[in-house]
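There are 2 protein chains.
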Amino acid sequence: MMAKPSIPKGTRDFSVDEMAKRNYIFDTIKQVFALYGFRQIETPAMETLQTLMGKYGEEGDKLLFKVLNSGDFLSDVTEADLAERNLNRLAARLCEKGLRYDLTVPFARFVVMHRNELTFPFKRYQIQPVWRADRPQKGRYREFYQCDADVVGSDSLLNEVELIEMIDEVFSRLGIRVAIKLNNRKILSGIAEWIGAPEKIVDITVAIDKLDKIGLDKVNAELLEKGLPEEAVARLQPIIQLQGSNEEKLQVLRRELAGSETGVKGIDELKYILQKLSASPLRSTLEIDLTLARGLNYYTGAILEVKALDVQIGSITGGGRYDNLTGVFGLPGVSGVGISFGADRIFDVLNQLDLYPKESMQSTQVMFVNFGENESQACLGHLSRLRAADIRAEIYPEAAKMKKQMSYADSIGTQYVALVGETEMAAGKIALKNMTTGEQSSLTIDEVIALFV
Amino acid sequence: MMAKPSIPKGTRDFSVDEMAKRNYIFDTIKQVFALYGFRQIETPAMETLQTLMGKYGEEGDKLLFKVLNSGDFLSDVTEADLAERNLNRLAARLCEKGLRYDLTVPFARFVVMHRNELTFPFKRYQIQPVWRADRPQKGRYREFYQCDADVVGSDSLLNEVELIEMIDEVFSRLGIRVAIKLNNRKILSGIAEWIGAPEKIVDITVAIDKLDKIGLDKVNAELLEKGLPEEAVARLQPIIQLQGSNEEKLQVLRRELAGSETGVKGIDELKYILQKLSASPLRSTLEIDLTLARGLNYYTGAILEVKALDVQIGSITGGGRYDNLTGVFGLPGVSGVGISFGADRIFDVLNQLDLYPKESMQSTQVMFVNFGENESQACLGHLSRLRAADIRAEIYPEAAKMKKQMSYADSIGTQYVALVGETEMAAGKIALKNMTTGEQSSLTIDEVIALFV
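From first to last, the protein sequence lines are chains L and R. Mind the numbering: the first sequence is residues 1 to 453 in the UniProt record's numbering, read in order. Mind the numbering: the second sequence is residues 1 to 453 in the UniProt record's numbering, read in order.
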């Protein structure tokens with residue numbers, strides 16, 4: 001007996017219902033991307049390991065899925081290699097390709113390879129799966145989609161403004177209430193500079209992040225424990241206790257960080273972005289949050305994260321500005337700013353709040369019951385008419401028992417069931433049953449079509 | 001100096017223009033699939049090698065991309081394994097996953113794993129990349145998309161009828177004139193049975209296929225050479241020279257194959273399908289073609305292939321009926337019928353015939369030139385209005401030289417360029433330039449919006 005088939009751990013099949021939901025999310029995002037002038041690209045699932053290795057830190061390198069060379073994969077492997085059993089060295093001999101780990105490195109590689117064909121600023125989006133050999137756990141998969149939009153080759157803060165508007169528009173269309181949290185890497189650098197402890201940024205943001213949970217005394221104690229001088233902790237108090245409106249926060253920051261050129265630059269950037277956005281009809285809350293420190297080594301300007309207001313879940317979108325996307329591939333000076341929507345978490349949020357619009361889940365609009373050879377022949381004509389009017393319609397392929405056909409109708413969630421028996425054929429009518437209301441009426445094909453116009 | 005980045009051979013990046021074209025193809029196909037009640041699923045890129053191996057013949061096994069186990073991939077490898085250098089055995093120890101080779105085997109695995117959640121007949125479509133370690137050459141890639149629609153769990157020939165209508169509708173929407181060629185595996189079996197040489201089917205169809213090129217004498221010579229008895233070749237003459245309308249062909253076949261039960265069954269099936277389709281407003285040519293023998297071991301009933309009439313290229317779509325999709329995974333009795341669109345070839349055909357509709361290639365509709373801080377602030381308000389009306393619009397992010405901004409406008413193929421300088425701001429107007437005609441007019445934002453309604 002054959003073993004039951006299975007799929008690799010951490011991967012998923014998507015059923016027709018799940019796909020309908022995912023398509024709704026991706027289609028919504030794509031429409032908004034297009035509204036703002038972003039255009040799609042795709043890159044191959046496999047990249048050379050030369051492109052991938054060393055880009056995600058030592059831990060990242062370990063999480064790359066490597067693809068065994070095809071043909072004689074041992075041809076480059078010596079006896080000594082085998083005897084030594086050094087995993088890294090052997091993997092480098094056995095594999096020259098890997099599966100992409102994110103969309104950023106392939107995009108950087110794309111920009112470098114195609115730089116002569118591209119006009120900058122280049123506004124691209126990309127929605128493709130990525131693979132990571134992470135330990136699978138709830139909500140963490142080894143294959144998942146990323147959904148990125150970036151503008152490269154422009155330093156203008158208008159790009160940040162438009163990306164935030166895009167985020168607002170996407171979540172407004174999806175019906176998810178969100179807070180968009182903003183920070184700026186330069187402000188964080190300014191703070192660290194100002195208290196004379198540049199290497200402590202992470203400790204500081206981590207401690208501030210706990211303020212609500214553990215209270216000010218414990219935050220201060222933690223900072224001292226991390227080796228911050230008492231004087232620095234004292235100076236940090238207005239920052240740790242930063243509160244009030246965005247304007248109030250900016251005022252405090254401007255006062256405290258006046259001595260840091262970098263800090264002031266960050267404050268100016270943040271202020272500019274908020275000011276531009278104040279003219280936009282945003283529906284999301286915009287909130288300065290100094291604890292945002294995502295990808296600290298990567299981002300150089302704006303940092304943003306999006307939190308759903310009505311569901312307890314991690315950030316559902318993030319992004320920021322980086323100064324040097326392509327330097328690692330030998331092309332310096334390409335700066336950019338981008339955002340990434342967390343499709344899996346957005347999927348969970350929409351599920352929890354039950355926010356999928358009925359239309360997005362609907363497939364077939366009219367299903368014809370099959371009563372036999374003559375009747376189905378009549379239905380084929382009706383089907384042509386409906387489909388020509390862009391109405392999604394199908395016929396049960398066999399003259400099975402009514403119960404079976406109706407259970408199929410239920411399973412596909414059809415809006416109407418159409419019955420064409422001898423009576424209907426003689427009268428040139430269709431008995432149409434509304435599956436929501438249960439109501440049944442006798443209509444001509446033109447009247448059926450008119451229902452959907 | 002860093003090496004120039006590259007991508008694995010046989011793989012491709014898709015630029016924004018290529019993606020627009022591909023999306024046009026896939027969107028057209030998806031819309032038609034949905035019109036006929038097919039719904040989308042997706043399966044993981046990686047499958048277990050247990051699922052993949054042995055399904056594509058020995059040659060296919062060699063073309064599978066295998067993924068190195070993560071972590072200590074040598075843990076299962078003994079000294080003896082290493083010493084022996086047996087590639088197959090070693091690969092089996094090093095890898096337990098591979099990249100999917102087609103969409104059919106993963107679909108069969110999906111049906112078996114989810115059989116208790118599915119209602120049959122199950123009509124699914126799937127559009128995803130597949131990977132094959134083939135030698136790359138013109139038009140053959142190591143990563144390419146397949147685009148499959150199948151109905152499983154129904155023996156009704158109505159499914160064949162609807163699939164052929166779908167093909168007709170897709171190519172009609174794409175504007176590609178095609179011939180749909182039909183055959184039936186049972187007719188081929190009938191022929192082989194009837195001349196007493198069941199093992200010669202492939203030789204026979206290959207020889208018949210050359211009739212146009214080499215002529216009847218040489219076809220007959222080839223058949224004799226392949227070991228067919230003279231008497232069999234003589235009996236085959238009416239079949240080899242089969243000509244005329246589909247009705248005439250069916251008549252000849254029915255006369256010649258009257259003695260073969262299987263053959264007659266195949267003829268009946270073909271006739272039924274043609275008859276049902278005769279009531280449909282098909283735009284494609286339907287043509288019985290006995291040389292169609294694709295996937296002979298796999299198909300058990302209808303076989304079909306689609307040829308573009310105006311471009312010299314291999315078949316751009318194919319499909320057929322199979323009796324036992326899931327038997328290899330321990331679930332017998334699941335029959336089905338399916339088709340597969342060749343996206344890459346369709347892409348080439350549309351390119352050669354220059355058939356992409358202008359709208360499908362258009363991204364941004366209005367691009368605002370950036371004249372500076374105040375002017376761009378005014379543009380942001382206009383942009384909100386346009387986007388709220390679902391008009392795709394953007395602003396050049398910096399106040400760069402006019403020439404640079406216009407060259408960007410060209411590169412994105414915007415329909416209009418909008419200029420808002422001091423004069424326009426004072427007058428509450430927008431100077432709008434039609435990029436096709438060069439015409440320029442001074443309009444209010446409402447008038448601009450009205451252009452697109």
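A few of these clues could be false.
Copies of one chain are not kept apart here, so a pair can be met inside one copy or by any two copies together.
Claimed, not checked - Pairs of lysine-lysine, DSBU-like flavour, derived with a Cα cap of 35 Å:
no.: 1; residue 1: Lys4; residue 2: Lys62
no.: 2; residue 1: Lys62; residue 2: Lys181
no.: 3; residue 1: Lys4; residue 2: Lys30
no.: 4; residue 1: Lys138; residue 2: Lys55
no.: 5; residue 1: Lys181; residue 2: Lys433
no.: 6; residue 1: Lys9; residue 2: Lys62
no.: 7; residue 1: Lys271; residue 2: Lys401
no.: 8; residue 1: Lys429; residue 2: Lys30
no.: 9; residue 1: Lys433; residue 2: Lys226
no.: 10; residue 1: Lys401; residue 2: Lys265
no.: 11; residue 1: Lys403; residue 2: Lys271
no.: 12; residue 1: Lys404; residue 2: Lys62
Think of the hints as simulated: they come from the structure by calculation, not from any bench.
Consistency of the hints with the structure:
{"no.": "1", "hint": "Lys4 x Lys62", "in the structure": "both (30 Å within a copy, 24 Å between copies)"}
{"no.": "2", "hint": "Lys62 x Lys181", "in the structure": "within (32 Å within a copy, 51 Å between copies)"}
{"no.": "3", "hint": "Lys4 x Lys30", "in the structure": "between (38 Å within a copy, 32 Å between copies)"}
{"no.": "4", "hint": "Lys138 x Lys55", "in the structure": "both (26 Å within a copy, 33 Å between copies)"}
{"no.": "5", "hint": "Lys181 x Lys433", "in the structure": "neither (49 Å within a copy, 38 Å between copies)"}
{"no.": "6", "hint": "Lys9 x Lys62", "in the structure": "both (17 Å within a copy, 24 Å between copies)"}
{"no.": "7", "hint": "Lys271 x Lys401", "in the structure": "between (69 Å within a copy, 26 Å between copies)"}
{"no.": "8", "hint": "Lys429 x Lys30", "in the structure": "between (41 Å within a copy, 30 Å between copies)"}
{"no.": "9", "hint": "Lys433 x Lys226", "in the structure": "neither (70 Å within a copy, 61 Å between copies)"}
{"no.": "10", "hint": "Lys401 x Lys265", "in the structure": "between (74 Å within a copy, 26 Å between copies)"}
{"no.": "11", "hint": "Lys403 x Lys271", "in the structure": "between (65 Å within a copy, 31 Å between copies)"}
{"no.": "12", "hint": "Lys404 x Lys62", "in the structure": "neither (51 Å within a copy, 44 Å between copies)"}
Hint compliance for this structure: hints 5, 9 and 12 are not met, and every other hint is.
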